[in-house]
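J.: Remember, this note's numbering sits 49 above the position in the sequence shown when you count from 1.
The set of hints was computed from the structure by calculation and includes no laboratory data.
Computed from a predicted structure; not experimentally measured.
Fair warning: there could be bad hints in the mix.
Ranges of calculated distance between the beta carbons of each label pair, as one might list FRET restraints [said to hold, decoys possible]:
{"hint": "1", "residue 1": "64", "residue 2": "168", "range": "27 to 37 Å"}
{"hint": "2", "residue 1": "202", "residue 2": "181", "range": "32 to 42 Å"}
{"hint": "3", "residue 1": "197", "residue 2": "171", "range": "17 to 27 Å"}
{"hint": "4", "residue 1": "147", "residue 2": "175", "range": "14 to 24 Å"}
{"hint": "5", "residue 1": "104", "residue 2": "197", "range": "15 to 25 Å"}
{"hint": "6", "residue 1": "146", "residue 2": "65", "range": "14 to 24 Å"}
{"hint": "7", "residue 1": "174", "residue 2": "100", "range": "34 to 44 Å"}
{"hint": "8", "residue 1": "95", "residue 2": "125", "range": "14 to 24 Å"}
{"hint": "9", "residue 1": "65", "residue 2": "174", "range": "15 to 25 Å"}
{"hint": "10", "residue 1": "209", "residue 2": "93", "range": "16 to 26 Å"}
{"hint": "11", "residue 1": "171", "residue 2": "201", "range": "17 to 27 Å"}
{"hint": "12", "residue 1": "180", "residue 2": "93", "range": "12 to 22 Å"}
{"hint": "13", "residue 1": "104", "residue 2": "170", "range": "32 to 42 Å"}
{"hint": "14", "residue 1": "139", "residue 2": "184", "range": "10 to 20 Å"}
Glycine included, C-beta positions come from ideal geometry on N, C-alpha and C.
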Amino acid sequence: MSQIIPGKVVVVGDTQVGKTAIVNKYNNIVDGAQETTVAANSIKCVVPLDGEEVSLSVWDTAGQENFKCLLPMYSRGAQVGLVVFDINRPETFSHLDEWIRYLTDQGECSIVIVANKSDLEHKVDLDDVQSFARARGYEYYQTSALTGDGIDLLFQAVATIVHSCQNQRAAATTVEFKPAQAEENEQKSGCC
50 MSQIIPGKVV VVGDTQVGKT AIVNKYNNIV DGAQETTVAA NSIKCVVPLD
100 GEEVSLSVWD TAGQENFKCL LPMYSRGAQV GLVVFDINRP ETFSHLDEWI
150 RYLTDQGECS IVIVANKSDL EHKVDLDDVQ SFARARGYEY YQTSALTGDG
200 IDLLFQAVAT IVHSCQNQRA AATTVEFKPA QAEENEQKSG CC
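The task is simple: from the sequences and hints, build the whole structure.
T.: Written out as structure tokens, the structure is:
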């Protein structure tokens, strides 16, 4: 039986960039009339990785301004933050720093930049996206929730990050027990 490794992922980005569609595509959920997410949804995604399973609790958050105040509640304790933008809408790319700040204010999590809707005309220069991600030390993936391009690769990368975080956490909490040094009990003659 393979080991199951739990992980928490939060998906953020402007409204209508395809956050829910990415998660649904990975889970083979077809929803032609997808409604806008209200607040957040939690979706389980199981990713096979090197003979183990990484069970991701994916928090798909709403992108509307009036729900941003709830983001700390959903992102707390996440190992990975997927920051999604629409490659066809430059204004969604320009908001990435704001979304990243929301995530990093809640603690340490690995940021992954996701350029979604790669099947459409690119109105955001991919060199700019690569430069943005590289300058900040983030991973970057292109996806199309419509065609499925890049979706499996993205979730494999997320599972790898979660697996690595779990290994680091386990190493950090490992306690090494050493036997106490036996003291030589010398019997002294006389009293005391």
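J.: Mind checking the hinted window 15 to 25 Å against the Cβ distance between residue 104 and residue 197?
T.: holds, 21 Å
J.: Looking only at beta-carbon atoms, does the pair residue 171, residue 201 fall within the given range of 17 to 27 Å?
T.: Because 21 Å falls inside the window, the suggested range holds.
J.: Can you tell me whether the CB distance of residue 209 to residue 93 sits inside 16 to 26 Å?
T.: holds, 18 Å
J.: Okay, residue 202 versus residue 181 on CB: inside 32 to 42 Å?
T.: violated, 19 Å
J.: Just tell me: holds or violated, for the beta carbon distance of residue 95 and residue 125 against 14 to 24 Å?
T.: About 23 Å separates the Cβ atoms of residue 95 and residue 125, which means 14 to 24 Å holds.
J.: Between the beta carbons of residue 64 and residue 168, is the distance compatible with 27 to 37 Å?
T.: For residue 64 and residue 168 the Cβ distance comes to about 20 Å; the hint is violated.
J.: CB of residue 147 to CB of residue 175, is that within 14 to 24 Å?
T.: With Cβ atoms ~21 Å apart, the hint holds.
J.: Assuming the hint says 14 to 24 Å, is it satisfied by the Cβ distance from residue 146 to residue 65 or not?
T.: holds, 19 Å
J.: Evaluate the given range 10 to 20 Å for the C-beta pair formed by residue 139 and residue 184.
T.: holds, 18 Å
J.: Between residue 65 and residue 174, does the C-beta distance stay in 15 to 25 Å?
T.: Holds - the Cβ-Cβ distance for residue 65 and residue 174, about 21 Å, lies within 15 to 25 Å.
J.: Is 34 to 44 Å respected by the C-beta to C-beta distance linking residue 174 and residue 100?
T.: Holds, since residue 174 and residue 100 (Cβ atoms, about 40 Å apart) stay within the stated range.
J.: Does the Cβ-Cβ separation between residue 180 and residue 93 fall within 12 to 22 Å?
T.: violated, 35 Å
In summary, the structure is inconsistent with hints 1, 2, 12 from the numbered list given earlier, while agreeing with the others.
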